[in-house]
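K.L.:
Heads up: the protein sequence lines correspond to chains A and B, in order.
Using my numbering, read the first sequence as starting at 2 and increasing by one per residue.
Using my numbering, read the second sequence as starting at 147 and increasing by one per residue.
Treat the hints as calculated values from the structure; they're not laboratory data.
Here a beta-carbon is modelled for each residue, glycine too, at the ideal position from N, C-alpha and C.
Check before you lean on any hint, since a few could be wrong.
With a Cα cut of at most 30 Å, we get these calculated DSS-like pairs of lysine-lysine [as the list claims (entries may be wrong)]:
| id | chain 1 | residue 1 | chain 2 | residue 2 |
| --- | --- | --- | --- | --- |
| 1 | A | Lys-234 | B | Lys-580 |
| 2 | B | Lys-573 | A | Lys-446 |
| 3 | B | Lys-579 | A | Lys-454 |
| 4 | B | Lys-552 | A | Lys-140 |
| 5 | A | Lys-475 | B | Lys-552 |
| 6 | A | Lys-377 | A | Lys-156 |
Pairwise CB distance ranges (calculated) [unchecked claim]:
| id | chain 1 | residue 1 | chain 2 | residue 2 | range |
| --- | --- | --- | --- | --- | --- |
| 7 | A | Asp-399 | B | His-611 | 14 to 24 Å |
| 8 | A | His-47 | B | Leu-931 | 21 to 31 Å |
| 9 | B | Asp-970 | A | Leu-33 | 45 to 55 Å |
| 10 | B | Glu-1005 | A | Pro-65 | 28 to 38 Å |
| 11 | B | Arg-819 | A | Lys-366 | 43 to 53 Å |
| 12 | A | Asp-426 | B | Arg-819 | 14 to 24 Å |
| 13 | B | Asp-1050 | A | Asp-55 | 16 to 26 Å |
| 14 | B | His-611 | A | Ser-419 | 23 to 33 Å |
| 15 | B | Lys-372 | A | Leu-394 | 49 to 59 Å |
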Amino acid sequence: MVSSSLIATVLILSPLSIATTIKGVAPADLNLYVPDENGTWSCLNHPEIVISFDKINDDYCDCPDGSDEPGTSACINGQFYCPNTGFKGAYIDSHKVNDGVCDYEICCDGSDEPEGKCPNKCAELSEAWQKKRDEVNFKIEKGVQLRYKLVKKAKQLRLQLNRQVKDLHSRIQSIEEELSDLRSRETYKDDRTLDSVKKLSELDNQFNELNGRITSKLKQLNEKQSRLNDLEKILKKMSEDYNHNFNDPAVKLAAQSFQDYSENKASESSDDDDDSIQKLVTDLKNKLNQIELEISNEVSILTSNGIPTAANRYMDIIKAMAESALDSFLGVQSRKPKKNTGAISSTEANQLIDKLNKELKSNQKKLSSVEKELEKDYGPDDLLLALEKRCMLNKIGDYDYKLCFDGKAEQINDGGMSTNIGSFDRIEVNQETGKLTMYYERGSKCWNGPTRKAVVEVECGIEDRIISVTEPEKCEYNFRIESVIACSDKDLL
Amino acid sequence: MLNRWCSILVLVALLFGLLPSPAGAVKSYLFKTCNDSGFCHRNRHFASEVAKIGSDFESRYSINSQDLSIKKDKGLVEGSLLKRLNDGSHVSLPFQISVLSDLNLRLKVNEERTGFNSKALNSKRYDEASKWAFTQEPDLTTFDYSLSDDTLVLTYGEYQAIVNLTQFKIEILYKGTLRITMNDRNLLNMEHYRTKEQQEAENSIHIAPEESTYNAYSDSFKDSKKDKLPFGPESVALDFTFSGYKHVYGIPEHADSLSLKDTTDSEPYRLFNVDIFEYETQSKYPMYGSIPFMIAVSPESSAGIFWINSADTYVDIRKEESNIEEETDQQVLSSKDNLEKVETHWMSENGIIDVVLIVKNNPQSVSQSYGKLTGFTTLPNMFSLGYHQCRWNYNDELDVLDISSKFDEHQIPYDTIWLDIEYTDEKKYFTWKKELFPDHDRMLAKLDETGRNLVAIIDPHLKTHYEVSEQVEKLDVGIKNHNADEIYKGHCWPGESVWIDTLNPESQPFWNKQFENGSEFAGYARNLHIWNDMNEPSVFNGPETTSPKDNIHYGNWEHRSVHNLYGLTYHEATYEAMIQRNPDIRPFILTRSFYSGSQRTSAMWTGDNMAKWEYLKESIPQILTMNVVGFQFAGADVAGFFGNPDKELLTRWYQAGIWYPFFRGHAHIDSRRREPWIAGEPYTSIMRDALRFRYKLLPVLYTQFYQSSLDGSPIMRPLSYETPENTKTYSIDDQFFFDQLLVKPVTSPGQDKVSIYIPDSKPYYNLNTLEKIVGEGYHEIEAPLESIPILIKSGSVIPIKARYRRSSRLMTFDPYTLFVTMDDSAKAKGYLYIDDGESFNHSLDQDFVYIEFEAGDNEIKSSIIDGDATKTFTSKLADVKVERIVLIGGPIVPPKTVDVVQGDKNWTAEVLPADGFWTIRNPGVIINQDWKISLAS
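Isolated chain A, as found in the complex (with noise of 0.2 Å):
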């Protein structure tokens, strides 16, 4: 069965003509193919080296270059021209040749095993060629019409945001020149009310310290009782859940601690803590209140007098921070601030001070964002500033993974829990083949290993989708994923 073709298939008409057919020569290299008038021949790539013509294909390696056996397995490094007629030929490994594999996939016309053995398809595969070209075309062509969008889209984001940027330094320029002018107006001073107003300034700095620091507080502690919340679910599920008298006294010792802690959190109550916040808001509350009283009994003397006074203003600005500050703290949305107009006194002037600083502040810090986002590598044109964020989920085996352009990639499992295998890092494109590959890093950590990531393949799509997720080590995770922005007319098969 092998040995038909072990014996070489060559043609020789006469010495110096070229051969109708070498097994496993491309007709168009037939002319490397002839042997000298003592009917030698050398190697191709290695002239010193001549042998007689009727080695070739011979079933022996002569040549270092495996050129010497274009038609047989014997050279490590040969190739083999399959002809594929109706179709196109290919080149195949050498040790693909005579294998009893039909390797289709390459040699349609079966050509490189034994006659017999692998009848040619080379007209169904080019059908069905055929068929996957037109599928994969209109994929193609529709994908890069979309994509043609997200291009536009996303020049007129960059536009809009460089828009912004001239927009918010020119606002920035007006609360300068706004702030230089307060500092040359000229003030007057309210003396009377400098030692309340010295009092209350502090007061109202310590009860911002106390609310902000409650705050965090109260925001760290949410977060820990919700870490902890996972943990005791962690914790609960190992406990139930492993191997009884595993013989593993590490298991043992924490599934029993667990419950020991878990009996003894039931019996410990947690009344005071909110006990203890509510007595500080009213203790607070009431401070404010009192002064409130104080100085509206000093700012009465005033009025009666029938001057218009700073106090009669700041009185407002005291109350109206007051109901600020505790709304804050309550949660309660912000009320506008009252504008203010008149006559300027120095405590007035360094407030509207303050408030110009903050806004610059705020401007600076926006323009500073939005900067940063105009520096952003968003991939090619720009393409993931288009896609603003946009996120896709799929389910893939037992969990829901969801992935969002330029944010978070997240594994979610049946009830609903949550892990994060990382946020958007960087997008390459692959100078060769033009792929684009893009990194998540920075996920939550591994037990036992380091933090999660993935690499996420992207396949042009009409649609956004995962099509699959692997991990291929633990905490390292494989997507693929299909969107307009990897269609590309080059292509086009």
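Guided by the hints, dock chain B onto chain A, whose structure is given.
P.N.:
Just chain B now, with coordinates in the frame of chain A:
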């Protein structure tokens, strides 16, 4: 307020901190030492008391010569061994001494237990270990004898067995020299049946002064306190002295040296099949399997003890000669024969005494004799000698096919990809997780296109509450609890599970059904094979991580009695089921647990090793040991199961792994991926070269397996088997022979040279340089990372297949290259076995050829010495040629051409000279006919 939360967080962190770290030592607290174990403790105590008394000790065991029944023509002596109790009364223990057809002596001592009544339990001592271990009850052979009042002498062949009747000893003499003495030190101890009350009565007649009663009726070890010990003390123990020997091998499985160590001041070697998590090297701890067979080697002879007992067993070894090297020459000369001995003490928790004593000319003959009893290693399916790629886990169908195609992309040959437990639905064996493996038939078919195979794991623990385990309960074929009234439930990978009792013959049809053609699990694939893991059995919540000893098996036998052979019954059931599935395909089964006889149907590997240099080093003595006790199809996980090997270790491990008869890469789920292409250059290319070299050597390996299947010869062979006359080789276990190649893998980092020991005066050739090396002793050779230290022994013909193909199946009809290395007298010899590599037609239909190559007298000839070249497969070999013959150490001036004769044709072939060797180019001979090439020009 925050304090409380903080303290809880600390507690939680503490809890997590307490979870086991992945890299640690063996969990020694999980396993009993001899001292923790009632019967070992008692027998060691007994041994030390007897030793203290010394020559004054009066044996309690004797035979009344009047009671003997000697059936000389049947080869059998029967009688009663009397055990004297404190009041002078006797317990009568029926015994048999028989001479086996291979001229080995077998002793069996039993006890007829009376007064024990239990519905759940068989009151007999377990006497069926040999039924599982042996291929069949061995034939007996006739002997001559002489009998006096105190001595019975049996004479058979060149042997004499002198049975001392008054204190029951047996001395085996071979060619007139004492080789084995049974009960030499009077450590025979059969704890006869007595109730707790009887034993604990005042002035009890049952306990001799030299005996201990430690844990006789209860177990104080923390994880086995519930053990009911229904029979109380019932151990059997006996000592054997090997005379004229310094080295003993065998009794796997331990991660220790090939030459076993003196245990006087340490733990005995323990034989108890356990799932030993993160085992240590150079240790006497028990491991996953047991083969209670020990071999002693000396230049004059070799001896073996096969202790056929499947209960928990400890073996103490004492070497009298341990300081002999330091003594003066004169002392050595005068007293050498007397001094050199190895004393062994075998202790088993229960069962009978059943022991075969073997003495032969050389270690190979002892291994062969053992193989005749227990069966030889089966001839494996060819694919299973290729490379196996495993990982816990390849995640899904895509992952499997992707790994498979990556091998081809990198032009690295491989044959088999594996699926660990994660392919199942919730670890329910015989199911597939559909989300990950939507169409396993499709996957198997795709793998089959290039001759690739899939091995899927099937363990004996079956998760409760699903079809398969429910059937086990319904058919009542599970292991039962100690009352035998319920199926035992324990924990393993899937959580609560039951265990199939494969001692029960009813299990077989049920098991067959799970694997049958067209089943949901296996479909119709012909390239699916099975991995049996966790069959010690591993029980996560059981004592010593295994089944409670008082669980009950079919036949109402306690698990205690059959523990060490349960793993064998399990993988044998799987083998049988696979044979039923496709009777024309040799099944491949990998088992972790094993017993004597496992070699007939399975391959084994050394379990969960670590990615550290010391485990690479240890793998060689581990596999050498398996090879001398008849279990040649053995391997170790490349490059260490736990952890991440660095690139050098990974590469060196592949270079060593290609010599393992069973060659598999495997890695833990928490380890990084490490398939050969991941390391990058130059490592990938070096590993590719090593893997391709393994494939080139497949004809050699397959031929070695064929020979081993006939005579039990080791495949990875200790030097002492090649040159038993050279005592310097006896403790060498870091190099070995593989056919006629002498190999010393590099097993430590940063090395670029090795010192390799040549055990004889024949010329050797460095395979990497073809440099000739001559002289017994150590020779330094280069061993940079890219090379494996290999020497070819002269006088050999080594047939290889030099062409790279994707898998072994695709090499079937590739031509051969012969390496002919002439010895000093210009002679060489070698063998080649060929069959279809897959079916049983080689044994059913003689569809194989066994070829002898012989060089000498200025010619090389090939003769078919066995088989039939005209059968379905062998006739196709008419297309297979020898493409080149490489001559090393041949005539310095080669001829230009050589004359070739095959059948009635003759022609000439060209000779290509080179430096140090020459090559006959395309001699054109076909492999399945005799041929001859004249070297004279």
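K.L.:
For every hint, state whether the structure bears it out.
P.N.:
Going through the hints against the structure:
1. Only pairs whose Cα atoms come within 30 Å are accepted, and Lys-234 of chain A paired with Lys-580 of chain B is accepted, the gap being roughly 28 Å.
2. Distance restraint check for Lys-573 of chain B and Lys-446 of chain A: the Cα-Cα separation of roughly 27 Å lies within the 30 Å cut-off, and the hinted pair is therefore satisfied.
3. For a cut-off of 30 Å, the pair hint linking Lys-579 of chain B to Lys-454 of chain A stands: about 25 Å separates their Cα positions.
4. Only pairs whose Cα atoms come within 30 Å are accepted, and Lys-552 of chain B paired with Lys-140 of chain A is accepted, the gap being roughly 28 Å.
5. For a cut-off of 30 Å, the pair hint linking Lys-475 of chain A to Lys-552 of chain B stands: about 20 Å separates their Cα positions.
6. Pair hint Lys-377 of chain A plus Lys-156 of chain A holds up; C-alpha atoms about 14 Å apart against a cutoff of 30 Å.
7. As the Cβ distance of Asp-399 of chain A to His-611 of chain B is approximately 20 Å, the hint placing it in 14 to 24 Å holds.
8. Between His-47 of chain A and Leu-931 of chain B the beta carbons are some 29 Å apart, a value that agrees with the proposed interval 21 to 31 Å.
9. One distance hint, 45 to 55 Å for the beta-carbon pair Asp-970 of chain B and Leu-33 of chain A, holds here, with the actual separation near 49 Å.
10. Distance hint for Glu-1005 of chain B and Pro-65 of chain A: a CB-CB separation of about 31 Å, consistent with the stated range 28 to 38 Å.
11. Between Arg-819 of chain B and Lys-366 of chain A, the C-beta spacing of about 44 Å keeps the proposed range 43 to 53 Å intact.
12. In this structure, Asp-426 of chain A and Arg-819 of chain B meet the distance hint of 14 to 24 Å, their C-beta atoms being roughly 21 Å apart.
13. The supplied range of 16 to 26 Å is met by Asp-1050 of chain B and Asp-55 of chain A, whose beta-carbon atoms lie about 24 Å from each other.
14. Judged by the Cβ atoms, the range 23 to 33 Å given for His-611 of chain B and Ser-419 of chain A holds: they are separated by roughly 30 Å.
15. The supplied range of 49 to 59 Å is met by Lys-372 of chain B and Leu-394 of chain A, whose beta-carbon atoms lie about 51 Å from each other.
Checked against the numbered hints listed earlier, the structure breaks none of them; every hint is satisfied.
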